[in-house]
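**Q** Each chain, letter by letter, is given below.
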Amino acid sequence: MTVLQGTWITGVAQTPYTRRPDSGLTTEALLAQAAEAALNEAGLRASDIDGLAVASFTLAPDRAIDLAAKLGLRLRWIMDSGLGGASGIDMLQHSSAAVRVGDARNVLCLGGDSFTGDAFTRLINTYNRSMIEDFEGFRAFGPNAMFALLTTLQMSTLGLERSDYGALVCRQRESAAAFNPNAAYRTPLALAEYLDAPLVADPLSILDCVPVVSGANAITVSTVTTGVSPVRITSVKASYNHDNHLGDGMSTGLREAAAALWETTGWVPADIDVLSLYDDYPAVVVAQLIDAGFLGTDNTAVALHQLLASDLVINSSGGQLSAGQCGAGAGLHGVVDACRALVRLGRDGRAFVAGYGMVVHRFGACSNVAALEIT
Amino acid sequence: MITPASMPACMSCGWQGRPRRVWCPSCGAAAWADAPLPDATVLATTQVRRHLGGVVVPPEIIALVITDDEATFIARFDGANPPKPRDQVTLSFDGGLVAHPLRKSSRARAGAKRKLGP
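Which chain is which? The protein sequence lines are A and B, in order. Residue numbering for the first sequence is 1 to 375, as defined by the working numbering. Residue numbering for the second sequence is 1001 to 1118, as defined by the working numbering.
Same shape as in the complex, but just chain A (with noise of 0.2 Å):
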């Protein structure tokens, strides 16, 4: 059982998210433009950095230390992160325990991607060799289908009808409107009009999918609290291929990994101020939200609305339902939006921010989480 004690997010920063991005804009230049905005929040130089993490699909053939080169960054620590939503926990995690030890002192992270042409669809369609070798003969496989299967499932066994994820999806776009200049979406959203909306895949409708954007975030790492702002990260939890591929998506990694951090930071849901889940689809918030305790099976609507109607911050930027998900720079998404979400607390806070990534086969084989505060 470990406790990390100060490390710090001392700075954050998230580009604008765009639908149809200029076919010139690269993958690269997204992930600049998102490190120099944390570097200016942190109050750090690039030269102050000597550790860089990237998560990105697009950035491909480069990697991490083919971008440190063209940002002209000299490192002592490096990392690449394959975990597309969970990536931002996991950069997290490991940037954390970094600059613990000494291996670097400040620690730029970063995640994004830039879809352009047909990006996204080779993405898909390539995924990893699970999906060209179990998927080839399906005309229209996708985490869409992947996801109504669980939503449909998830329907029938807690007794969950459309209108409740819909008040989900509704709320998060009210926030989007109030705290996010940067979503893709920020129109205020009717229960009727989400009830109204065309169908993607039974029971999901164009609301439901996250829609992909592309877009960048970063934050810088460090044990100096630079910044106005710091966040203090207070634990890191993981659980990887939980199921091993045999199970339902019904639960997911997260429950083992809340355990762990409940565990460790000795708190309970009631002490969380802000919660930030991993909403690439709600059947997936609704995971989260059972298997971190904040709601149980019995009676979930009702705890559900219950918990939409409270105080407690959830998914402030709107979510990637409102905002979009840009590629493996989602799994940062949540990370910025917990730290800006702590800020506007105006006092001291404590946030949970869940990562969710790499339907590999079926749901996601990557689950983490992160305990942050403010004070």
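None of these hints come from the bench; they were simulated from the model. Backbone N, C-alpha and C define an ideal beta-carbon position, used for all residues, glycine too. Certain hints may be false.
Rough simulated footprint, nothing fancy, chain A against chain B, three-plus residues with beta-carbon under 8 Å [claimed, not checked]:
| # | segment |
| --- | --- |
| 1 | 1041 to 1049 |
| 2 | 1056 to 1063 |
Rough simulated footprint, nothing fancy, chain A against chain B, three-plus residues with beta-carbon under 8 Å [claimed, not checked]:
| # | segment |
| --- | --- |
| 3 | 1012 to 1019 |
| 4 | 1031 to 1038 |
Use these hints to put chain B onto chain A, whose structure you have.
**A** Below, chain B alone, put in the same frame as chain A:
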């Protein structure tokens, strides 16, 4: 040698599944053989109507199924109408798992092992 039309089975303990593995998740052995595909029970279905910016005509029916060994799989459904939860299917492999309707099997009469939602 594993052919594409099979669901590999562990030669040590008989565990069977996809995606294909290197080490058996049940016993850790690393030797595999061809084996017949198991039958399965439908847990949930969807009809995919839009995909990667285009309309899917006709919608592709995809099912989440579970075997008697409690392993779940995703299969495209070989039929015009979606199966219902608890329906029994047989599986084949053709560029991915394909679920076929199975009628009047003894397992169907006995009911699914897994408790399904209301």
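**Q** If a hint holds in the structure, say so; if it doesn't, say that too.
**A** Against the structure, the hints:
1. Against chain A, the segment 1041 to 1049 of chain B contributes 7 residues with a C-beta closer than 8 Å to a partner C-beta. That satisfies the three-residue criterion, and the hint holds.
2. With 5 residues carrying a beta carbon less than 8 Å from a beta carbon of chain A, the segment 1056 to 1063 of chain B meets the three-residue requirement, and the given coverage holds.
3. With 3 residues having a beta carbon nearer than 8 Å to a beta carbon of chain A, the segment 1012 to 1019 of chain B meets the requirement of three or more and the stated coverage holds.
4. For the segment 1031 to 1038 of chain B, the stated coverage by chain A is violated: 0 residues have a C-beta nearer than 8 Å to a C-beta of that chain, whereas at least 3 were required.
When each numbered hint is compared with the structure, a violation occurs for hint 4 only.
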